[in-house]
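Construct all of the structure, not just a fragment, from the sequences and the given hints.
So the sequence lines, in the order shown, correspond to chains X, Z and G.
Remember, my numbering sits 1199 above the position in the first sequence when you count from 1.
Remember, my numbering sits 1199 above the position in the second sequence when you count from 1.
Remember, my numbering sits 1199 above the position in the third sequence when you count from 1.
It is worth saying that the hints were derived from the structure and are not from the lab.
You can trust all of the hints, since none of them are fake.
Calculated cross-link-like contacts (lysine-lysine; reagent style BS3-like; alpha-carbon spacing at most 25 Å):
(1) G:Lys1350 x Z:Lys1350
(2) Z:Lys1486 x X:Lys1570
(3) G:Lys1311 x Z:Lys1570
(4) X:Lys1386 x X:Lys1281
(5) X:Lys1486 x G:Lys1568
(6) G:Lys1501 x G:Lys1596
(7) G:Lys1350 x G:Lys1616
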Amino acid sequence: MFVLFRVVFTVTFTLLFTAIGFAQQQQEVILTSVERNFQRREWEIRDTSVNFDSAATWKVKLEEMHGGKQEGAHLITVQTEKLTIRIIPTRGMSILDVQSGDVRLGWQSPVKEVVHPKHIRLSDRDGLGWLEGFNEWMVRCGLEFAGHPGKDEFINNTGDQAEMMLTLHGKIGNIPASEVSVLIDKKPPNRIYVRGTVYERGFYGPKLKIITEVSTVPGSSTFRINDTVTNEGAFDQEFQLIYHGNFGAPLLEKDAKVIAATKSVTPMNAHAGKAVKKYDTYVGPTKGFIEEVYLLEPIADKDSRSMAMLHNAAGDRGASVAWSTKQLPYLTIWKNTAATESGYVTGLEPGTGYPFNRKVERQFGRVPKLKPGQSRQFTLDFGIHHGKDAVDTVAGKIAELQGDTKVKLHKDPPKVK
Amino acid sequence: MFVLFRVVFTVTFTLLFTAIGFAQQQQEVILTSVERNFQRREWEIRDTSVNFDSAATWKVKLEEMHGGKQEGAHLITVQTEKLTIRIIPTRGMSILDVQSGDVRLGWQSPVKEVVHPKHIRLSDRDGLGWLEGFNEWMVRCGLEFAGHPGKDEFINNTGDQAEMMLTLHGKIGNIPASEVSVLIDKKPPNRIYVRGTVYERGFYGPKLKIITEVSTVPGSSTFRINDTVTNEGAFDQEFQLIYHGNFGAPLLEKDAKVIAATKSVTPMNAHAGKAVKKYDTYVGPTKGFIEEVYLLEPIADKDSRSMAMLHNAAGDRGASVAWSTKQLPYLTIWKNTAATESGYVTGLEPGTGYPFNRKVERQFGRVPKLKPGQSRQFTLDFGIHHGKDAVDTVAGKIAELQGDTKVKLHKDPPKVK
Amino acid sequence: MFVLFRVVFTVTFTLLFTAIGFAQQQQEVILTSVERNFQRREWEIRDTSVNFDSAATWKVKLEEMHGGKQEGAHLITVQTEKLTIRIIPTRGMSILDVQSGDVRLGWQSPVKEVVHPKHIRLSDRDGLGWLEGFNEWMVRCGLEFAGHPGKDEFINNTGDQAEMMLTLHGKIGNIPASEVSVLIDKKPPNRIYVRGTVYERGFYGPKLKIITEVSTVPGSSTFRINDTVTNEGAFDQEFQLIYHGNFGAPLLEKDAKVIAATKSVTPMNAHAGKAVKKYDTYVGPTKGFIEEVYLLEPIADKDSRSMAMLHNAAGDRGASVAWSTKQLPYLTIWKNTAATESGYVTGLEPGTGYPFNRKVERQFGRVPKLKPGQSRQFTLDFGIHHGKDAVDTVAGKIAELQGDTKVKLHKDPPKVK
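Right, dumping it as structure tokens:
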């Protein structure tokens, strides 16, 4: 009877979802839903298993992870002819990696497992606990705070002086999604969307919601992140959001290069200041390399779109990100070309600000607020470029954005009170 | 063979429980047992499925929660003709809410999920991490400590000066129950009990046990909490216990009122002191309302029973709590009539003390101790009252308790060293 | 179809493992594997169910724990004619206890459950959170740090002054194993091995790996721990490792005795200094007994093997440990003969150092380093001795190690800066 119940349950859900999809332009399958008190643990859909004609070949798969610190974490894999995208709903919808032919967006972190947040203590290691789960290609930093750990002092809602210890890069990357679904456009070109809602909320705390969406058109080498952050609280709410995209081999290598249209480059500290002239080129894995962080002011076109690209030494493999500077006015470049075992990686990080502690960011006016009920959208388009021509074309677009603007290289970091 | 094993296992357990029940006055079904290394994930019993005659209609259900931060949490629902009580064994047997007709004991917290303790870090937000899971109608604060966060300084068992950082409202609400069972009286009126044992213990720490029990008689609008706290350690053990009952709409609204038989009302801080005269009436949801906490000295009858009630503006819906002042000598009223999005809520909180930090409570002699092996019982009776007559009857009882005693309203908070 | 998939999946794995075993000297069954994204939850093997002839009688079983804080933890039980060994893969391969006839290696901790690490916050209670899960016979302390909590100040990899709050006894005992397997020698005497790999690693943190192994020959009363610690990072890496073996009744009792070949005995603090003369004898359960810790310099034979034994008052039941002082040069004896309810227990703890904070251990040159890629092995042999003759034989061996060396009893603890 127990088994029977489960079968009935499953059939009911299947009919329900099919029914939802049938009447609409999209087929939607719900993977996780707090509202329905429902979570799938294994599931697969492919072009040949849907109730509409799909010219393209694709597959979306959900699996549960097992062993060590990843026991119970979930992974969604979107596979098209050109791309394989792996998304972690259990870790705030972070993107583990993206593979396209011989190019992988991702890196080799010393953290090898898809760490379930139940094993993460953000306050560990004096506020650096986040680093024990950090191995994704793309992790969102935020939402209440997104930067370096340390004490923030601020005026709270009641007008009183308050303080709070902030932990590195915030909480959102270690909160499991409450609602997760996969949607497929029934009409060509059958764009596939993975959508997840993550809440960062508490009593006497922020009431922030982010609806994340990763989508791609089967057959293309591009994909899109399209997120919406909403303040569900009654008060104006500060928030921070940094798209911490991380690249290792094969794009990152000796003489790889990052190209960004920018007005200026400022080192985050004195150490980075010494190497600011070489901010855009990379060395190979270097034991003892100390991270260098550079703060850029991206230049955008008339539609507020800016662009940056990382390409390999030969200039025949690259990955680009394009975004709106109205949404994300700042770009951080994180160079950590350390030994392979330490994590050889560079970050291209469009954000609402830079990764200083929120206390510092607030001083510089880089902590935006959302009014009650207000939402902001963040759209980032990523491309993976194969061949010298493709890389050159993107480089040309970025050069066009740069135009005659000379890049100001500052040797000194910002003066922080 | 594996499947076979499970079937045999299940049958064995069923026979076992049936056998236990058959010989006794009660039918008992074990839902969770560390001793038996056993936990059910789905289960249901109803009046028509038991091996005795039940005149009343009722149902008890266990389900597992899914999605977001509630993945893996369990929920027990007791449903009678008059009441629906939802209990969370995973969160220390807290009571999520109680529904009776159009009255709900409960509130709309910004925390919407039944948060599994694995996602709670009590030390977060400088000791306020508890608030990220707080959305229950009734949560017990305790047992080692129950009040505000901050450093406590005390003399430890070895006679040395010691100190420890305490976190808000203690640990018991974020510890999953070790033993959980449902019991039903075989004889009319077939009282239903949900019993859960929660341990708060550690090496070089307290060895406290609480056996919680929620029970109701099918057909009535009343229910009872009947808890027993035991010190299983070798030393006298301090403990604190506050029954943090939280009410929102529909009982709480503009001009709702709390009635309590009390000798005095003292504000917890200067801010609350300004509004002490209006301590017993409520405003509607008010953006920017800062919490007001009032400390009451309840008056009891000759059997040491005191009583308090919250009723709506019209005075035709109410909820009451009656308890022994020998068991719980203090009553705290927490007013947090903030904006709906922030959590519009008031707390009626009988306790062994007030919610100051344990350091303060100790100064005022409000931290009781249990000798080795000693137990204390705590019985609270709750009623839900429909109609003006019913509310007036309870108000009359409380007025009788109050008698001629004039309520002393203190404007100043207690002087805390 | 879903069910079918699981069956196929299971069969595939079974064939795979059988195939692996068939070609080798050992039959290996994988219980957990991050690499294969695989974890068993229930499983059993016995001498009659293998594809080779086993003269001995034995059984190995995996089960999942349920209820309270142990929900989801796993337990492996190795059962031979002489020994029952219970290992906790979810808690860093700690050994819960070992039973041999009427002797149990283990103790009665106030912590009664096999606590899943998701419920442990090491930084709780000012760095003593580890104690809320502490109830094993053998728990490894380490690997990045292994001693008392508190701030460590040190020079980091980049040559800068750094500091970090350390928590009691380190992390390794609260990290679930990533790879777990059971191996059985196909040839007599059919030694059984339980092997587990645990990683303690993070970005900007240590990259330490420990392959743990517990093994026994069916029919014998001895068993072996054989661990290998490897530095997978690019830099020289400090590490600490203490084998925190804990014994209660029946071995520990009034007039029980610990025998160790040692050059000297030094109290860890002034309190222990007062009782240094009685460092090797025990009182019965004593309410208010404050722990005494003694630091020993073990004497080894020409093969660097030292030995220690705890035996009961009658001298007819004992447990011994033998190890290499090249691997583990130090021995700590922890006496905590407190009341039964508090945890009546003594620890025999061979280690790479003593359990001071790492800051102190470093001052005394007791924090070893591993070069990149370097491994160190740790082999400990345990015996359980029944009868006066058996105990006397071991005592004789230890006396032989001691020889004419007089034990220096220091009254004062080491001078710590």
